[in-house]
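2 protein chains.
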Amino acid sequence: MSKRTFGLAVAQVGGIQPEETRVEVVARLISMMRVAHQRGAELVVFPELTLTTFFPRYWTESLQASDHYFEREMPSGETAPLFAAARELGVGFYLGYAELTPEGRRFNTSILVDGQGRITGKYRKIHLPGHADNRSNLTHQHLEKRYFEVGDLGFGVFESQGIKIGMALCNDRRWPEVYRALSLQGADLVVLGYNTPLDVPGWSEEPHAKMSTHLLSLQAGAYQNSVWVAAAGKSGTEDGVYMIGGSAIAAPSGEIVAKTIGDEDEVVVTHIDLGMAEMYRESVFDFAAHRRPENYSIIVDRVGRGEPVPVPGFDREA
Amino acid sequence: MSKRTFGLAVAQVGGIQPEETRVEVVARLISMMRVAHQRGAELVVFPELTLTTFFPRYWTESLQASDHYFEREMPSGETAPLFAAARELGVGFYLGYAELTPEGRRFNTSILVDGQGRITGKYRKIHLPGHADNRSNLTHQHLEKRYFEVGDLGFGVFESQGIKIGMALCNDRRWPEVYRALSLQGADLVVLGYNTPLDVPGWSEEPHAKMSTHLLSLQAGAYQNSVWVAAAGKSGTEDGVYMIGGSAIAAPSGEIVAKTIGDEDEVVVTHIDLGMAEMYRESVFDFAAHRRPENYSIIVDRVGRGEPVPVPGFDREA
Chain A
1 MSKRTFGLAV
11 AQVGGIQPEE
21 TRVEVVARLI
31 SMMRVAHQRG
41 AELVVFPELT
51 LTTFFPRYWT
61 ESLQASDHYF
71 EREMPSGETA
81 PLFAAARELG
91 VGFYLGYAEL
101 TPEGRRFNTS
111 ILVDGQGRIT
121 GKYRKIHLPG
131 HADNRSNLTH
141 QHLEKRYFEV
151 GDLGFGVFES
161 QGIKIGMALC
171 NDRRWPEVYR
181 ALSLQGADLV
191 VLGYNTPLDV
201 PGWSEEPHAK
211 MSTHLLSLQA
221 GAYQNSVWVA
231 AAGKSGTEDG
241 VYMIGGSAIA
251 APSGEIVAKT
261 IGDEDEVVVT
271 HIDLGMAEMY
281 RESVFDFAAH
291 RRPENYSIIV
301 DRVGRGEPVP
311 VPGFDREA
Chain B
1 MSKRTFGLAV
11 AQVGGIQPEE
21 TRVEVVARLI
31 SMMRVAHQRG
41 AELVVFPELT
51 LTTFFPRYWT
61 ESLQASDHYF
71 EREMPSGETA
81 PLFAAARELG
91 VGFYLGYAEL
101 TPEGRRFNTS
111 ILVDGQGRIT
121 GKYRKIHLPG
131 HADNRSNLTH
141 QHLEKRYFEV
151 GDLGFGVFES
161 QGIKIGMALC
171 NDRRWPEVYR
181 ALSLQGADLV
191 VLGYNTPLDV
201 PGWSEEPHAK
211 MSTHLLSLQA
221 GAYQNSVWVA
231 AAGKSGTEDG
241 VYMIGGSAIA
251 APSGEIVAKT
261 IGDEDEVVVT
271 HIDLGMAEMY
281 RESVFDFAAH
291 RRPENYSIIV
301 DRVGRGEPVP
311 VPGFDREA
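Line by line, the protein sequences give chains A and B. The opening position of the first sequence corresponds to residue 1 in full-length UniProt numbering, with each subsequent residue numbered one higher. The opening position of the second sequence corresponds to residue 1 in full-length UniProt numbering, with each subsequent residue numbered one higher.
Among the hints, a few may not be true.
Said to hold, decoys possible - FRET-style restraints, in silico, Cβ to Cβ:
hint	chain 1	residue 1	chain 2	residue 2	range
1	B	76	A	159	23 to 31 Å
2	A	132	B	262	51 to 59 Å
3	B	309	A	5	25 to 33 Å
4	B	133	A	132	54 to 62 Å
5	B	90	A	256	40 to 48 Å
6	A	303	B	101	34 to 42 Å
7	B	101	A	212	38 to 46 Å
8	A	103	B	101	35 to 43 Å
9	A	307	B	24	25 to 33 Å
10	A	294	B	309	43 to 51 Å
11	B	76	A	132	57 to 65 Å
12	B	76	A	242	58 to 66 Å
13	A	206	B	309	30 to 38 Å
Stated by the list, open to error - Below, in silico cross-link-like pairs of lysine-lysine (BS3-like), each with a Cα-Cα straight-line distance of 25 Å or less:
hint	chain 1	residue 1	chain 2	residue 2
14	A	210	B	259
15	A	210	B	145
16	A	259	B	210
17	A	3	B	164
18	A	3	A	259
19	B	164	B	3
Hints were generated in silico from the structure; no laboratory data involved. Don't be surprised by glycine CBs; every beta carbon is placed ideally from N, CA and C.
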């Protein structure tokens, strides 16, 4: 097992209010990137939809009327300073934002940028939570299915800064298929941003489990796939809605090795050993030796829950 | 959300030495079944390979020479008292054992028995850990791949005692595909038995993570699939090898709600609410609304890790 140390940071972003400008937000991000660099980070993970408030909470009759939440180019004039800081410091980053393509398509997107400021990876969110219809009785909605198309780039792994990095976004982290698709492509590290409101009306997860299910999702993804996982969220109150923090890094052992404790802008840096995954990949999770995909077909053949499949050769009594 | 309370027990079995007889073991199981019944259990989960010591630690030149570890019929004269106790008490059970079929095939098997003593479900282990070759330098081996064929019944869900119950065994619990295959068939509860040596030479999992990865696997399976999970292990020292305990029940919230604390025979009973899963199934884990199997094909198309798949429409710079 070869030791490969890598400086990894998650940069949690405190709530962003509707009136805050991209220039202000980008200045906060650069400030955190400098702190991360001082502490030895080579890559900084920022949240999902980092540049604006989490606007899918607002109903809109016309999507075009919400275009100001979207980026038409990356980098743009307003985001270029972040790329310049990456080049200056030699620090890569992951950034989530709302993407409006030249064809007028809208995606919940993230990019990976290396220490030379080059875009080395891109992902468009596939697991869009929430709903598309107007639930005006709710104090705040969760309209990702209205604002965004399902991502069309698949689950990608990108070589960047000498590491194979898999990309995901927010709700993706709760679906084991995501980490599996990325680890089957050899990912060493999975990076993701998120926005998780403490309370989503109509989404009846137990409130007390909100932080533990978030961390459990990261830990399970890391352990079951022998990868490192780094997740950065927005936190604090955004326009009256509280978002959980808990930005964290999970190891291939399933352990949380770094985690924010507050709900404002907060940088956590840890030096991970990418080589640690090897002992898992070569024994308990030697996929080639142990996986049995001939028994997994129902995972792609069915979308929702259905009836039990008859068990061949087994006649039930009674 | 309708409340559906069900009395569920896991019965951890202390180490079984090579010289112990089935009659002695079955008496221990019946004793635990009576305790579980007194505490309100309707179903008792016993471990994997419950009736003998964990014999896959021993190399054997001839499989036939090890036939005394296997059951040729179920129930047999020696195991019939367990079925009689189930009928007497109206308590169902899950039991793991080594199966030798009339055709001479060997499986690591478990059965589900209802409160009338009828066999209502059967599973033959698919994820066989360890190796098939003789590693005589090891103080104890892990020869499941030598002793057993890969199970040929798939991952089955069985209606028993009014519940849809999915079945698995030991190492299966570390593979997210297993819980997913069972939850896609509508399982309310996943039951499994295990034998987990603290130290498996050649299997370089970090020793300090042995209990946490076991519990993490149960918690992740329960949460990611909106099912209850009940796992019973053998524990304590078997022929000089220590097996971890930690028999436990995990809720759809990902929380451990019951767990043994020792490493001997120990019964834990809890009254679960099967209806609790509904709030998860109808929101965050509404599979039909949110899953995207068109992006999961690599899970069945690949066995082991491979190269990244090109990302369509994205040209990397540089």
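The hints, checked one at a time:
| no. | hint | in the structure |
| --- | --- | --- |
| 1 | B/76 with A/159: 23 to 31 Å | violated, 57 Å |
| 2 | A/132 with B/262: 51 to 59 Å | holds, 52 Å |
| 3 | B/309 with A/5: 25 to 33 Å | holds, 28 Å |
| 4 | B/133 with A/132: 54 to 62 Å | holds, 55 Å |
| 5 | B/90 with A/256: 40 to 48 Å | holds, 44 Å |
| 6 | A/303 with B/101: 34 to 42 Å | holds, 36 Å |
| 7 | B/101 with A/212: 38 to 46 Å | holds, 44 Å |
| 8 | A/103 with B/101: 35 to 43 Å | violated, 60 Å |
| 9 | A/307 with B/24: 25 to 33 Å | violated, 41 Å |
| 10 | A/294 with B/309: 43 to 51 Å | violated, 21 Å |
| 11 | B/76 with A/132: 57 to 65 Å | holds, 58 Å |
| 12 | B/76 with A/242: 58 to 66 Å | holds, 60 Å |
| 13 | A/206 with B/309: 30 to 38 Å | holds, 37 Å |
| 14 | A/210 with B/259 | holds, 22 Å |
| 15 | A/210 with B/145 | violated, 40 Å |
| 16 | A/259 with B/210 | holds, 22 Å |
| 17 | A/3 with B/164 | violated, 46 Å |
| 18 | A/3 with A/259 | holds, 23 Å |
| 19 | B/164 with B/3 | holds, 16 Å |
Hint check: violations occur at hints 1, 8, 9, 10, 15 and 17; the rest are consistent with the structure.
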